[in-house]
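Participant: Sequence:
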Amino acid sequence: MPPYGRLRLESTIVRAVAEILEFEVKDPAVRALLPTVVGARLSPGGEEATVAVAVEGGDEAQALAALRHDKGFIRAQLARRLSLRRVPELRFIVVRPLGGESGG
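Just so we're aligned, residue 128 is where the sequence shown starts under our numbering, counting upward by one.
No lab work stands behind these hints: they were computed from the structure. Computed from a prediction, not measured in an experiment: that's the story for all the values here.
Across the chosen pairs, the derived CB separations fall in these ranges: (1) Ser210 with Phe150: 16 to 22 Å; (2) Ala188 with Arg135: 30 to 36 Å; (3) Arg207 with Arg135: 16 to 22 Å; (4) Pro155 with Arg133: 33 to 39 Å; (5) Pro224 with Pro129: 29 to 35 Å; (6) Arg212 with Ala159: 34 to 40 Å; (7) Glu146 with Pro224: 15 to 21 Å.
In this text, a Cβ means the ideal position worked out from N, Cα and C, and glycines have one as well.
Work out the full structure: start from the sequences and follow the hints.
Facilitator: Okay, here's the thing in C-alpha cells:
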C-alpha cells in the first residue's frame, strides 16, 4: 500500500471509529467514558489498527476493558463503512486527554 493510501486509511479509521463511539455504541460503560479518538496506526501489513482513545471519565483499566468488550461491535460497524477486502483487527490504547492536567 502506498504511504498516502495508508495515511488516508488511518484518518478514515479515526473518523469512523469516533462516529461509532459517539453515535452507535450503546454500552453504558463506554458512553460514561466520553471517549475521543485521537489517532490510529496501521500495522505494516494492514492487518491490525492501533486506535488511541482519550477518555474523560473512569480510569485507564476501566476504559480498556470497556473498549475491548465492544471491540467486535465496533469492528463490525467499521466493516460496513469501509470498502476493504479485510478490515483490520482493532487494538485500543488509552491516552491522557489534552489539557487534562493543570500547570502550576
